[in-house]
Amino acid sequence: MFELFGNLVAFGLLRLSAESAAGAAVQFFVMDVSKIFVLLVIVIYLMGLLRALLSPEKVREFVRGRPDWQARSFAVTLGAVTPFCSCSSVPLFIGFVEAGIPLGVTFSFLIASPMINEVAAVILVGILGWKLAALYVGAGLLVAWFGGIVMQLFRPERWVEAYVWKIQMGQADLPEPDRSFARRHRYAVAEVREIVGRIWKWVLLGIGLGALFHGFVPEQWVGENLGGDAWYTVPAAVLTGIPLYSNATGVIPVAEAMLTKGVAVGTTLALMMSVAALSLPEMLILRKVIKWQALALFAGVLAVAFMLVGWGFNVIT
Amino acid sequence: MKNIKVLGSGCRNCEITANVITLAAKQAGVDIQLEKITDIAAIMAYGVMSTPGVVVDGKLVHSGGIPGPDQVRSWVEG
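Line order of the protein sequences matches chains A and B.
Counting from 1, one number per residue, gives the positions in the first sequence under the working numbering.
Counting from 1, one number per residue, gives the positions in the second sequence under the working numbering.
Pulled out of the complex, with its shape left as it was, chain A reads as follows (with noise of 0.2 angstroms):
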């Protein structure tokens, strides 16, 4: 149905050719512009449906307590379906290490968090196909429950601001919200307008380069080189990733061209992963409550994971 509206928009009212570049990337940027901002819009909504259920707070008291390995599966869990803004992670950060949470356990829902959400994993279904989307999603859970292992073993405790230690807690003594289902509703609504008001620019902008990619790189070119023999592509695509920020929606477009243009799935796999949870910003919301070294040791575990994922996959496909 999306496919058959780019069609018409560009072949049909704009009078392009199919075979030429211009017309490939009209079609493919009406086609995904239609097909993601309608996913996005009833996914969002739905979710928002059931979101009443879960707050960072109650997150904080299901996590507390767990010896460490039941802990870090709930939060690993949890980050991937709650997409918090980046930012609450500060309060996040605080309210954690305030419960006494292990800091490895917070930075593998600091990982998930950005990386994995039930809205990116829809459409990467709907874009990509289910196989895409549960490798993306099983990779992700895999990288955030070991990067906070690894944080763990290097003491990361030391590189906490000093003042975060010291912060006490009040009890949240919130009334019963209420679950009608108007109320509900209206908070549905209010979080498609919340976050489709926030994450549209990426999205345009990922579905543009991923338009412009698809109409003019020449798949020739991209066999020859992006096509996952060459080891050095999986570090070039994380290095990529790091000073794009983008939202994990944005990436997916872009990933949709270059998996369609043959690039390796390793390598595509990697620059989602760093364009995602690899972000400057993230990291100077975070600079916050740890010194630069931990952020430097953050951003290093990352990179390492996504290289080993990107790798992973490029043997095994």
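Mixed in with the good hints there might be a few duds.
In silico DMTMM-like pairs for lysine to aspartate or glutamate, Cα to Cα no more than 20 angstroms straight-line [to be verified]:
(1) A/Lys291 x B/Asp31
(2) B/Lys26 x B/Asp70
(3) A/Lys288 x B/Asp39
(4) B/Lys2 x B/Glu77
(5) B/Lys59 x B/Asp31
(6) B/Lys26 x B/Glu15
(7) B/Lys59 x B/Glu77
(8) A/Lys166 x B/Asp39
(9) A/Lys261 x A/Glu3
Because the hints were derived from the structure by calculation, they are not lab data.
Place chain B on chain A using the hints.
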């Protein structure tokens, strides 16, 4: 006079929340004293992890996200 605090370290949603409350108070013709709490330690002292939070006369009434119009009305009028 009612004292209303908006808890949040200056994110966009916190600004919006403060504006919504000011507007609702004006419409209801109620005088309120609005404070913005941006210090993270002070915010956490209320037990809030998801900002913006709202405190009315020392009691936490809301956290996480922009409050609905009927909620805001009940705070300034109630």
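Going through the hints against the structure:
no. : hint               : verdict
1   : A/Lys291 x B/Asp31 : violated (44 angstroms)
2   : B/Lys26 x B/Asp70  : holds (15 angstroms)
3   : A/Lys288 x B/Asp39 : holds (12 angstroms)
4   : B/Lys2 x B/Glu77   : holds (9 angstroms)
5   : B/Lys59 x B/Asp31  : holds (18 angstroms)
6   : B/Lys26 x B/Glu15  : holds (17 angstroms)
7   : B/Lys59 x B/Glu77  : holds (15 angstroms)
8   : A/Lys166 x B/Asp39 : holds (14 angstroms)
9   : A/Lys261 x A/Glu3  : holds (18 angstroms)
Violated hint: 1 only; the structure is consistent with all others.
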